[in-house]
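**Student:** Sequence:
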Amino acid sequence: MAKELKELTSRSKDYSQWYQDLVIKADLAENSAVRGCMVIKPYGFAIWEKMQRQLDDMFKETGHVNAYFPLFIPKSFLSREADHVEGFAKECAVVTHYRLKNAEDGSGVIVDPEAKLEEELVVRPTSETIIWSTYKNWIQSYRDLPILVNQWANVVRWEMRTRLFLRTTEFLWQEGHTAHATSEEAVAEAEKMIEVYARFAEDYMAMPVIKGVKSESERFAGAIDTYTIEALMQDGKALQSGTSHYLGQNFAKAFDVQFTDQNGNRDYVWATSWGVSTRLIGALIMTHSDDNGLVLPPKLAPYQVVIVPIYKNNEQLQQINEKVAGIVEKLKALSVSVKYDNADNKKPGWKFSEYELKGVPVRLAIGSRDLENNTIEVARRDTLTKETVSCDQVEIYIKDLLDEIQKNIYKKAFDYRTSQIREVNSYDEFKIEIEKGGFLLCHWDGTAETEAKIKEDTKATVRCIPFEGDKTPGKCMVTGKPSAQRVIFARAY
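In the numbering used here, the protein residues as written are 1 to 493.
No lab work stands behind these hints: they were computed from the structure. Careful, some of the hints might be misleading.
[Claimed, not checked] Listed next, the in silico SDA-like pairs over lysine to any residue satisfying Cα-Cα at most 25 Å (straight line):
hint : residue 1 : residue 2
1    : 323       : 365
2    : 455       : 410
3    : 136       : 262
4    : 75        : 137
5    : 332       : 379
6    : 346       : 328
7    : 436       : 492
8    : 431       : 452
9    : 60        : 188
10   : 339       : 204
11   : 386       : 311
Generate coordinates for the entire structure from the input sequences, incorporating the hints supplied.
**Tutor:** Written out as structure tokens, the structure is:
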């Protein structure tokens, strides 16, 4: 394992390669036989399950329920909302036939030309169209509203350049789709859900985010407004980590979803959609991890504590097993997830390196001398420090330590982000500063033309118009035209 760690590229040498190495070596995921798709391995999926479980609880606390809609969408559905089809057309995988057959020359299986679909089906890139065609059957009156539905699913968006978790052809996500009687309700819903995402990112992922609204060119295809949370990775690039969309009546009009209001009038329904994906695992890695491997926040670690015995013979192991059984029981009683690794196929040093690489927040080691002294060694992953603790107090100590690690990881990420936020007032200065990475607070005239020029010149985009911060008007750094407030520019994944 020591040799394996030495093969982990350092962040300073090649950040992109460090990320790829870490995903593979920490056993999170691997590339599949299908180009652009990934296999999420058990350890990586355990992190996603923790995220999913917590988010699902938060959605249900805000009144949402889960449902499931088809993977396949009739091609004609996508053409009903013009902006939507334009936004996704280049990413769609299309099913054209429904049957295979053996080639007559014995060369293998071929598509049966006689089995062509009457209408092609698009593999779900997002579900607005199929869901709103369904909502037409569910909604007749204001009494049927609001509809607050979430779906856990997979989607396919054809990608040419892929990176595990961050950008793959197929990925897992959740997508909320809600229907409301008024625009005010729909806007409030979209704003509420971006707050839910921000709270999850900061309280559970220990990842500080900036909340804001997207520029017109960056918003979701078919949305009136897109709200976003933007995080800063350790290489100075931004990562869009969750979005919530106010869709207005666009999809209701596209699928003729009307309702009778309390006054007996007919109107189109108001809509939102919102989602996060397995991209959050990539965000987790790039926000906290280091050259020794993963650093996982305790609230999302597959196991928060691992215990490794150090022994010379079976008699010592048996004594340690008995001691550890009591410690494990006490930790589990405090809802601490713990793994006792007493397998004899790896030496303790190997296990220490392995669990450090996998980012387990706390590692406990106990040997024969510890048994005599009724102590145990505690190593924390975030600081790589160790100390000795009495076994009589270890469960309370660990419980408090996990809270401390969660806060410390967040503070480290917050302090880094703070150090990477800079105000820029001229375009010449911007071109210099953007090379250093980070979030640049700049005045922009609000036009798509200026934003496109900046992107072409520097590869930077408006990440968001922040909800909070300096709202002082100024002049655009490029054109000198009036600017309502500073916005955040960055290069992004």
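**Student:** The structure should be examined with respect to each hint, and the outcome stated for every one.
**Tutor:** Each hint, compared with the structure:
1. 323 / 365: It holds: about 12 Å lies between the C-alpha atoms, which stays within 25 Å.
2. 455 / 410: Violated: residue 455 and residue 410 sit about 31 Å apart, past 25 Å.
3. 136 / 262: With Cα atoms ~19 Å apart, residue 136 and residue 262 stay inside 25 Å; holds.
4. 75 / 137: Holds. Residue 75 to residue 137 sits at ~20 Å (cutoff 25 Å).
5. 332 / 379: holds, 19 Å
6. 346 / 328: It holds: about 21 Å lies between the C-alpha atoms, which stays within 25 Å.
7. 436 / 492: holds, 13 Å
8. 431 / 452: holds, 15 Å
9. 60 / 188: holds, 17 Å
10. 339 / 204: It holds: about 21 Å lies between the C-alpha atoms, which stays within 25 Å.
11. 386 / 311: holds, 19 Å
Hint 2 from the earlier list is the only one contradicted by this structure; the remaining hints agree with it.
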